[in-house]
Amino acid sequence: MTVTKLHAAGRPVSITPLVTFRIVFGWLMFFSILRFWWRGWVTTVYIQPEFHFTYWGFEWVQPLGSIDMHVLFACIALSALCIAIGLWYRVAAIVFFLSFTYVELIDLTTYLNHYYFISLVAFLLIWLPANRHYSVDVWRRPQLRRTEVPAWTIGILRFQMAVVYIFAGIAKLDADWLLHAEPMRTWLPSKSHLPIIGKYMYATWVAYLFSWFGAVYDLFIVFFLLNKRTRLVAYGFVLIFHIATAIFFPGIGMFPYVMIAASLIFFSGQFHERLLSHLPFYKSMAQAPVKQSAYQFRWSRPMMLAVTLYVLAQLLIPMRFLAYPDRLFWTEEGYRFSWRVMLMEKSGAAYFTVKDSTARYGYAVNNSEFLTPLQEKMMSTQPDMILKYAHHLAREYKKRGVQHPEVYGEIYVSLNGERSRLFIDSSVNLAQQQQGWQHYNWILPYKLPVTEQK
Amino acid sequence: MNRKLFRTGIVGAALAAVVLYACSKGGDGDGSGAANNDAFKTEMLTNYADNIITPAYTNLQAKLGLLETSVNAFLATPSTGTQATLKTAFKDAWLGFENVSAAYFGPGAAVLLNSYINTWPAVPAKIEAGIQSGTYNFTIPVASDSIQGFPTLDYLLFSADAVQKFADAGAANRRKYVQDVVTRIKSLVDNTLNQWKGAYRTTFVSSLKTDVGSSIGALINQFAFEMDALKGPRIGWPFGKQSNGIVFADKCEGYYAGFSADLAIANLTSLKNYFKGGAGKGIDDYLILLKKDKLNSDVLAQFDVALNALKAIPAPLSASFTNNATLVEAAYKEVQKLLTLIKTDVASATAVQITYMDNDGD
Numbered sequence: 000m001t002v003t004k005l006h007a008a009g010r011p012v013s014i015t016p017l018v019t020f021r022i023v024f025g026w027l028m029f030f031s032i033l034r035f036w037w038r039g040w041v042t043t044v045y046i047q048p049e050f051h052f053t054y055w056g057f058e059w060v061q062p063l064g065s066i067d068m069h070v071l072f073a074c075i076a077l078s079a080l081c082i083a084i085g086l087w088y089r090v091a092a093i094v095f096f097l098s099f100t101y102v103e104l105i106d107l108t109t110y111l112n113h114y115y116f117i118s119l120v121a122f123l124l125i126w127l128p129a130n131r132h133y134s135v136d137v138w139r140r141p142q143l144r145r146t147e148v149p150a151w152t153i154g155i156l157r158f159q160m161a162v163v164y165i166f167a168g169i170a171k172l173d174a175d176w177l178l179h180a181e182p183m184r185t186w187l188p189s190k191s192h193l194p195i196i197g198k199y200m201y202a203t204w205v206a207y208l209f210s211w212f213g214a215v216y217d218l219f220i221v222f223f224l225l226n227k228r229t230r231l232v233a234y235g236f237v238l239i240f241h242i243a244t245a246i247f248f249p250g251i252g253m254f255p256y257v258m259i260a261a262s263l264i265f266f267s268g269q270f271h272e273r274l275l276s277h278l279p280f281y282k283s284m285a286q287a288p289v290k291q292s293a294y295q296f297r298w299s300r301p302m303m304l305a306v307t308l309y310v311l312a313q314l315l316i317p318m319r320f321l322a323y324p325d326r327l328f329w330t331e332e333g334y335r336f337s338w339r340v341m342l343m344e345k346s347g348a349a350y351f352t353v354k355d356s357t358a359r360y361g362y363a364v365n366n367s368e369f370l371t372p373l374q375e376k377m378m379s380t381q382p383d384m385i386l387k388y389a390h391h392l393a394r395e396y397k398k399r400g401v402q403h404p405e406v407y408g409e410i411y412v413s414l415n416g417e418r419s420r421l422f423i424d425s426s427v428n429l430a431q432q433q434q435g436w437q438h439y440n441w442i443l444p445y446k447l448p449v450t451e452q453k
Numbered sequence: 000m001n002r003k004l005f006r007t008g009i010v011g012a013a014l015a016a017v018v019l020y021a022c023s024k025g026g027d028g029d030g031s032g033a034a035n036n037d038a039f040k041t042e043m044l045t046n047y048a049d050n051i052i053t054p055a056y057t058n059l060q061a062k063l064g065l066l067e068t069s070v071n072a073f074l075a076t077p078s079t080g081t082q083a084t085l086k087t088a089f090k091d092a093w094l095g096f097e098n099v100s101a102a103y104f105g106p107g108a109a110v111l112l113n114s115y116i117n118t119w120p121a122v123p124a125k126i127e128a129g130i131q132s133g134t135y136n137f138t139i140p141v142a143s144d145s146i147q148g149f150p151t152l153d154y155l156l157f158s159a160d161a162v163q164k165f166a167d168a169g170a171a172n173r174r175k176y177v178q179d180v181v182t183r184i185k186s187l188v189d190n191t192l193n194q195w196k197g198a199y200r201t202t203f204v205s206s207l208k209t210d211v212g213s214s215i216g217a218l219i220n221q222f223a224f225e226m227d228a229l230k231g232p233r234i235g236w237p238f239g240k241q242s243n244g245i246v247f248a249d250k251c252e253g254y255y256a257g258f259s260a261d262l263a264i265a266n267l268t269s270l271k272n273y274f275k276g277g278a279g280k281g282i283d284d285y286l287i288l289l290k291k292d293k294l295n296s297d298v299l300a301q302f303d304v305a306l307n308a309l310k311a312i313p314a315p316l317s318a319s320f321t322n323n324a325t326l327v328e329a330a331y332k333e334v335q336k337l338l339t340l341i342k343t344d345v346a347s348a349t350a351v352q353i354t355y356m357d358n359d360g361d
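From first to last, the protein sequence lines are chains A and B.
Just so you know, numbering that gives the first Met the number 0 puts 74 at position 75 of the first sequence, and the rest follows in order with no gaps.
Just so you know, numbering that gives the first Met the number 0 puts 42 at position 43 of the second sequence, and the rest follows in order with no gaps.
Simulated from the structure, these hints should not be mistaken for laboratory data.
All values derive from a computational prediction rather than experimental measurement.
For each residue, glycine too, the CB sits at the ideal point set by N, CA and C.
Some hints could be false.
As the list claims (entries may be wrong) - These stretches of chain A come out as covered by chain B in the derived footprint (C-beta under 8 Å, 3 or more residues):
#1 128-136
#2 170-180
#3 197-209
#4 246-257
#5 413-423
Stated by the list, open to error - Here are the simulated DSS-like cross-link-like pairs (lysine-lysine), alpha carbons at most 27 Å apart as the crow flies:
#6 A:Lys446 with B:Lys86
#7 B:Lys250 with B:Lys90
#8 A:Lys354 with B:Lys250
#9 B:Lys332 with A:Lys354
#10 B:Lys310 with B:Lys90
#11 B:Lys336 with B:Lys250
#12 A:Lys198 with B:Lys336
#13 A:Lys446 with B:Lys290
#14 B:Lys196 with B:Lys125
#15 A:Lys198 with B:Lys293
#16 B:Lys293 with B:Lys271
#17 B:Lys250 with A:Lys397
#18 A:Lys446 with B:Lys332
#19 B:Lys293 with B:Lys90
#20 B:Lys290 with B:Lys336
#21 B:Lys185 with B:Lys90
#22 B:Lys332 with B:Lys310
#23 A:Lys398 with B:Lys310
#24 B:Lys125 with B:Lys86
#25 A:Lys446 with B:Lys336
#26 A:Lys198 with B:Lys275
#27 B:Lys336 with A:Lys354
#28 B:Lys293 with B:Lys310
#29 A:Lys354 with A:Lys282
#30 B:Lys250 with B:Lys293
#31 B:Lys125 with B:Lys175
#32 B:Lys175 with B:Lys196
#33 B:Lys250 with B:Lys332
Given these sequences and hints, build the entire structure.
See the structure below:
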């Protein structure tokens, strides 16, 4: 990065985009958490399961008891509310980031890209001066108020959005997505109940239209949002695209709303000024005199270094799949944290047998004894979860008196409308296999189907 | 910024949002007629409701009436003769249940029909305790599952010295227990059938989605569930699959009356019939509509392979677990292949969901 660019990154710009972002993000998170709680998912996802698929290296992250878990969710909701109104902002952002991330780290089953996005944004918000205008903090201590912030504080959020969209777009440059219109071709016929458009859902061309539109949208929307002249129309597309996603795929949850809200960050300071001016007390707060207009970071050089490292990490993490052999969709090594959303239809059937090394027969495992239906579904197609489960089975059966438990999995997986076939080597004792970042040799190689079987 | 562009943009986007949102809300099939956008799915579901599920419950209801008559005849004069007559009626009724087992959603699931009337093995110790004390409660989910239903009748009416026990001093309690179990089965089935004949039919027929709780979702998930029960509790578990090869013959469905294999075959035959939608539109036609002809023919073929493998096991199944282990093992494998096809290929092709949880695409 050149000196002039560094200088440009530090130039003061209006704080208002950051303020809107803080408010919208806070309220959205507040309602998301309430929704999660209201649907009873705190209990079904974090309390009922007896076993959790922890993240590698984060095995110490375990769910709390029923009451404590609900208290934790209350903490998340409250801190989100504090972020929204800008009360004890930095503490609230830290609490939100830590508690939300803790909850997400409990179980791989519920990994969603937008939860990862929320954790990242929450982390960024800790460092950003989003409470320095139109907040309870400023109302209580007016000397905190600033009207301008270094440009990079808004730039980093735009960069984060760009990462989400562009990597999601690149991920769609795949033969299944573009040439076979999968998984859209599989998913759309199940949407024939929709009025007006329902009857077109069986048509192949509609699946192609959805696929290509989605890819083009993801790849280019950021550039149109960045350009002042196209921004409004682009935001119209953001609304249409994400609301359509919410209608067609309600299972995607909060993701569309998060993107609709977060995309506001691309609008100019003047736009946000006008938007915020409709809010109560804004005008009186905005008219108060400021002691110092521009916010300055005390350690601006280390900050720039940290930002550079963050940017590099965001660019590299989604590319790590390149370090693994075979087809990403099949092995899923390097799949998470890479903005791959709604990319594939994958389902599996997993039959495990635990055997004592000396015994002739074994114990066929009843998965529902250990896993919830959601956990079982997710485990059946994801190798790292298969391995974690196999290790868990070895431990459980040892308790039941199997002295040297060997765990074998006969697992069948169907990917993007292809016929199911064996996923892992059934003769490998999974109890002996190590977890790690290396490629798992026991995953059977992905082979293109010999004949186009449908 | 151009103010006019600004207004047009916002108004246009808001309008699009409202229209799309309205569409999504209108999509919840409520049977108003306007929601029926998919003639095929509606026809298929109507076929399931009117030609398969409701007739199956009606048939079961009739068979239970005959069973009650035979049970009363047996209880009036317990003998090996009346017991033999009773066995025919009992078998007919239980076989009749296998035809509704796959419809375990909606009304059936609401009254916990399958759990209450067909959880096996029954627990004789708990049943005998109930008979002795004369106090028992059939309405406690899970806890009372194994002291009622067909498996309990199987034990009470057909275990080794069953006839003898009805002649004993405490026989009055035993007779009452049997009658209570029969009454309980009948009332649960009546209740379920009445709901199918009433409002639920419309709910079922107009639910065109594939998420959890939708009709198509329920049908396919229940296929997988039944196939799993065939592989596990009906065959695999008594066969020793969960117990390091140690056979627990008395854990199979219909152990005392000795027609376990018939029940298993009836169950799978019924599943095939469900899959085909009988003579009308079924999941098979849906797969063809989705251009999955090969998958459909493979599933149908595998149904036959699995059925033939089951039929090849000599009766009684409980004895074959030890005497014809190879044949049982073969049937187990074929059922698993069928289960795999349903759980992966068919579930994927039809895009059915198994939970309500948020999911950003596998």
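Restraint check for B:Lys185 with B:Lys90, where alpha carbons must lie at most 27 Å apart = 15 Å, holds
Would you check the hint for B:Lys125 and B:Lys86, treating anything up to 27 Å between C-alpha atoms as holding?
-> 23 Å, holds
With a cut-off of 8 Å between beta carbons, are at least three residues of the stretch 246-257 of chain A near chain B?
-> Result for this restraint: holds, n = 8.
Between B:Lys125 and B:Lys175, is the straight-line Cα distance small enough, at 27 Å or below?
-> Given that 27 Å is the threshold and the Cα spacing comes to 16 Å, the pair holds.
Are B:Lys293 and B:Lys90 close enough, with their CA atoms no more than 27 Å apart?
-> Outside the cut-off at roughly 37 Å; violated.
Sort out whether B:Lys293 lies within 27 Å of B:Lys250, counting only the CA atoms.
-> The hint is violated at about 38 Å.
For the pair we were handed, B:Lys250 and B:Lys332, check the Cα-Cα distance against 27 Å.
-> Satisfied, since the Cα-Cα distance of roughly 20 Å is no more than 27 Å.
Examine the stretch 197-209 of chain A: at least three residues should have C-beta closer than 8 Å to a C-beta of chain B.
-> With 3 residues closer than 8 Å to chain B, the stretch 197-209 of chain A meets the three-residue bar; holds.
For the pair we were handed, A:Lys398 and B:Lys310, check the Cα-Cα distance against 27 Å.
-> 39 Å, violated
Verify the proposed pairing of A:Lys198 with B:Lys275, using a straight-line Cα cut of 27 Å.
-> At roughly 24 Å apart (the allowed maximum being 27 Å), B:Lys275 and A:Lys198 satisfy the hint.
Could you grab the alpha-carbon distance between B:Lys175 and B:Lys196 and see if it respects the 27 Å cut-off?
-> This hinted pair is violated, its Cα atoms lying about 31 Å apart.
Is the straight-line distance between the alpha-carbon of B:Lys250 and that of A:Lys397 27 Å or less?
-> Holds, at roughly 25 Å.
The structure fails to meet hints 1, 2, 6, 12, 14, 19, 23, 29, 30 and 32 from the earlier list, while all remaining hints are met.
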